[in-house]
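Chains as they are written, first to last, in this note's numbering: chain D, 1 to 283; chain F, 1001 to 1781.
Everything labelled a hint here was simulated from the structure, so no lab data went into it.
Among these hints, one or two may not hold up.
Said to hold, decoys possible - Derived DSS-like pairs: lysine-lysine, alpha-carbon spacing no greater than 30 Å straight-line:
#: 1; chain 1: D; residue 1: Lys-41; chain 2: F; residue 2: Lys-1127
#: 2; chain 1: F; residue 1: Lys-1009; chain 2: F; residue 2: Lys-1073
#: 3; chain 1: F; residue 1: Lys-1563; chain 2: F; residue 2: Lys-1488
#: 4; chain 1: F; residue 1: Lys-1009; chain 2: F; residue 2: Lys-1488
#: 5; chain 1: F; residue 1: Lys-1560; chain 2: F; residue 2: Lys-1488
#: 6; chain 1: D; residue 1: Lys-41; chain 2: F; residue 2: Lys-1707
#: 7; chain 1: F; residue 1: Lys-1488; chain 2: F; residue 2: Lys-1660
#: 8; chain 1: D; residue 1: Lys-41; chain 2: D; residue 2: Lys-28
#: 9; chain 1: D; residue 1: Lys-28; chain 2: F; residue 2: Lys-1127
To be verified - The calculated label-pair distances, taken between Cβ atoms and stated as ranges, are:
#: 10; chain 1: D; residue 1: Arg-277; chain 2: F; residue 2: Val-1006; range: 47 to 53 Å
#: 11; chain 1: F; residue 1: Arg-1046; chain 2: D; residue 2: Pro-38; range: 30 to 36 Å
#: 12; chain 1: F; residue 1: Ala-1615; chain 2: D; residue 2: Leu-103; range: 32 to 38 Å
#: 13; chain 1: D; residue 1: Arg-236; chain 2: F; residue 2: Glu-1436; range: 36 to 42 Å
#: 14; chain 1: F; residue 1: Glu-1131; chain 2: D; residue 2: Gly-163; range: 41 to 47 Å
To be verified - Computed list of chain F residues with no C-beta within reach of chain D, every gap over 12 Å:
#: 15; residue: Gly-1207
#: 16; residue: Ser-1226
#: 17; residue: Glu-1715
Backbone N, C-alpha and C fix where the C-beta goes; we use that ideal spot for every residue, glycine too.
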Amino acid sequence: MIARAFEYTQAASVAEALAALQQDRDAKLLAGGHSLLPLMKLRLATAGRLVDIGRIADLRGVRRDGDRIVVGALTTHAVLAQNPLLREMLPVLSAAAQEIGDLQVRNRGTIGGSIAHGDAAADLPAAVLALDATLHVATSAGEESLPAEGFFLGPMMTALPEGGLLTAVSFPLPPQGTRQAYRKVAHPASGYAVVGVAAVLAMGEDGTVQYARIALTGAGAAPFRAHGVEAALLDRTLSAELAAEAAGRVGDRVEFAGDLYASPSYRRRLAEVHVRRTLMGLL
Amino acid sequence: MQLIGVPQKRVEDPRLITGRGRYTEDVRLPGMLHAAILRSPRAHARIQEIDVAAAQAADGVVAVYTGRDLAGKLGPIPTAWLPPDSDIKATAHPALAVDTVRYVGDGVAMVVAESAAAARDAIDRIKVRYEPMAAVVDQAQAMAEGAPLVHEDAPGNVAFHWKAGTVPEEAFTGAEVVVRRTFRQQRLIPNPMEPRAAVAQYDPSTGDLTLWATSQNPHIHRVLLSSVLGIPEHRLRVVSVDVGGGFGSKIACYPDEALTAYAAMALGRPVKWAETRVEHFQATTHGRDMVIDVELAGRRDGTMTAIRVKNLANMGAYLSTAAPGVPTILFGLIVTGAYTFQHAAVDVYGVFTHTTPTDAYRGAGRPEATYLVERMVDLFAGEIGMDPIEVRRRNLVRPEAFPYQSALGLTYDSGNYQRALDQALETVGYEEIRREQAALRQKGRYIGIGCTSYVEISGLGPSEVAGAVGFQGGLWESANIRVHPSGKVTVFTGGSPHGQGEETTFAQIVADRFGVPLADVEVVHGDTARIAMGWGTYGSRTTAVGGSAIAVAADRVIDKARKIAAHMLEAAEEDIEFRAGRFAVRGAPERAQTFQAVTLQAYLAWNLPEGVEPALEAAAYYNPSNFTFPFGTHIAVVEVDAETGDVQLLRYVAVDDCGKVINPLIAEGQVHGGIVQGIGQALWEGAVYSADGQLLTGSLLDYAMPKARFFPAFETAFTETPAPHNPIGAKGIGETGTIAATPTIVNAVVDALQPFGVQDLAMPLWPERVHQAIQAGRNGR
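Model the full structure from these sequences, guided by the hints.
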């Protein structure tokens, strides 16, 4: 398991990293290295140059910024899982991070790396979608902010602009009294989600659902929001019957993925069952 | 101090778990080169041309070899188990393919370079033009008319045909009940923590070749490689001290270590080769892969009378070193399990396919046999409407029947199968769980209870039997015990433990006998230069056979020391008692000499009794008179999620009897590891080939190895029924868990799904399959 030879640049700042990317069309960004390096060792990915952004301090950390929470792209899964602010305000993000890989992976892997890599079965994209996150990208032309929805296009395909560097992920504060959960069926070999469900619900004073974000990962060609499920929940009182009815709409306009372990029809089944159970858990 | 039967932490562990082990890959020698092997991406193709020019010209490349370059210089790899009367087509595996590649992973060329990176880069620069040919990966399809042939001289792709036992036709025609079923033992990929590796160093001035290799049996490697390489055996040293697991996959002699040795000789520099994990998936032997038809005859009173088995065993593209023995001897002779069948017959075809060769994998034949008989017991019980536990109870060999001659001619040495069954039932609380099961079903929850009462052939074995069944070696074991002048002890064993903990177990046997501290005993293994001869570690033989050799040698040391002690104490030899490290005169305990004092006198030799030579050392070559037959009962409780087919393990109870337990801590660890591997086959593991021979489960991303978090705490216990025919009473515990756990789990899941009319499920029990069976059951009603 030896990667092809490559050049290595350590970037001291975002500007340096962007310049290095621009200089070398065959360059790739290296953060935690837990997705890219295995692919390079298998020679399924190559890079003429790796631009290591791992020591850019600005990209690290979790902070409150007015009515948003900003998470630096280099923040590790372990921090996401443990950070008190995130655990209090965005527990679905912490829960999804806790489901990633093993301890070593969580200590190295980063939120920015996971999202930019765009694995269709990664855990964080589901949480990011369910939390209406904004992705902050630096390019040589300036800064861009992209909504999480629409970012994940397909297996290893995202809307990240060419030569762009994901610097942070920011989250609006969820509504008062929000209930959040992440539920995952892990592939027994890879640990990636066969189906992962992130849910954020808020109830009005009358007990009806006033806010619903349901996102899935692993189920399709890219992580997605289940709008049909959300629509079925709104303005209604959550019950076992409603959970079942809403979960039944998880397949609306979705093409489910299939592999040796789980066919598309079985993934659909899993998605429905686990959306329902996730909702029941929030009852 | 008594050490036998007392838990001791493993003395090898501090070294191994703090990164100070010395595995083959850790060997670094001055001037060492690195090898990489180009492997076939096609399952079956004619090699039209290999262009190595670009690779040869690459930076750091020292040599490139193809199959043609090696013709006449490096012999093919032989098969070393040739079951008699089986018309076996023993293939010789060329070290590198010459004209034809026969599986994905078959070696095509080797690059030797100044660095591992340069070697790896250079294999990408070799251009091979293949003429693709039709491939076949399934054994039944391979036997069909018109199937592509793997070897021209094996029509129908039949590698061998072996039979044992007979069943009179009326045993079935006149039977009250006949149950028939086909089971598929899916292919497994061993995946020890340490992949295979080899380092070779040649000294042209003496002609000595040292080969560090990941082997379970370095002396067997030496015998085989000396003929493959054309090196006299006394010039070849094979070293396999720290080996990170094998599970059977490191028994075989592979082309790769032969190539590494050849390159070291040809180039006059040390060469290292180490496989990657992905390479391991393709190039290291696989396990299982059998399609087994079973017919069982019985009576409505629960008696099982006859069993007939036909096994189509997928051997892959070549017959690996021990492979033909697995589906024949190790499988065929134990299909009656722990039960008193009157008649049994086995019919086995070994079949070539365009897949990675199969060979022994933890349990090797015995898990497959146990699976079929234990599944059939449950199916038979369902057929006659009897509790499967009751069927087991009625058919288990009775304690008073030992030594018991099985229908297939084995002599089960000792046992109390009922006691293990009763203890397991009591531990799990069988009746209560049955009541709970009924209550939960009312609520739409489905728990199941599965049981296996197994018996295993282990402690391989009597050398005469080895010969009779075509194993091209002996199965005795050697021991040499050298007591140093200070009374410290070095034990040399021909066993080659690679994770089983015998550096501790064997030290316990010796320290216990000599009455010296455990720390005073060192166990040396895995080096043909330090150990005269040995047959290695597999088939749960090392403690039973190698440990017995050590016990015999230790007693020889004591016999000699007793003579010296008697002389020192001016007493008659027969009046000397040896206990707890002291030789004392009977009736006068104050007249005594310590083991260490006697040892010193043995070496000083100032005043030895007449006829006694100096020094204190003894050897033993122990050839067992029988195999050993561990047994036990495992019970699992599972819950199946009827909405998704997901299987959850709730309880796992294992009551094993491996005879006398030397170190309960190690024995329990072996049981844990075995159970995990057995459940791995039941629930997660399975190699899948596409129809054209691509391995679809080619890495740990797709092939699910069990992980610790998948399991509940195991409830383990031992009963002790000593092996009557060896001096330590030990039987073997390395494979029992793997043998018992697989059918236990499948029985439990099928039991859970009784309300849906499910009778059988194909392994691995991936949730989708289970869910499909539930849906089929729901729709069928």
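Evaluated hints:
no.: 1; hint: D:Lys-41 / F:Lys-1127; in the structure: holds, 21 Å
no.: 2; hint: F:Lys-1009 / F:Lys-1073; in the structure: violated, 48 Å
no.: 3; hint: F:Lys-1563 / F:Lys-1488; in the structure: holds, 19 Å
no.: 4; hint: F:Lys-1009 / F:Lys-1488; in the structure: holds, 20 Å
no.: 5; hint: F:Lys-1560 / F:Lys-1488; in the structure: holds, 16 Å
no.: 6; hint: D:Lys-41 / F:Lys-1707; in the structure: holds, 24 Å
no.: 7; hint: F:Lys-1488 / F:Lys-1660; in the structure: holds, 26 Å
no.: 8; hint: D:Lys-41 / D:Lys-28; in the structure: holds, 15 Å
no.: 9; hint: D:Lys-28 / F:Lys-1127; in the structure: holds, 29 Å
no.: 10; hint: D:Arg-277 / F:Val-1006: 47 to 53 Å; in the structure: holds, 49 Å
no.: 11; hint: F:Arg-1046 / D:Pro-38: 30 to 36 Å; in the structure: holds, 34 Å
no.: 12; hint: F:Ala-1615 / D:Leu-103: 32 to 38 Å; in the structure: violated, 54 Å
no.: 13; hint: D:Arg-236 / F:Glu-1436: 36 to 42 Å; in the structure: holds, 37 Å
no.: 14; hint: F:Glu-1131 / D:Gly-163: 41 to 47 Å; in the structure: holds, 44 Å
no.: 15; hint: Gly-1207; in the structure: holds, 34 Å
no.: 16; hint: Ser-1226; in the structure: holds, 32 Å
no.: 17; hint: Glu-1715; in the structure: holds, 23 Å
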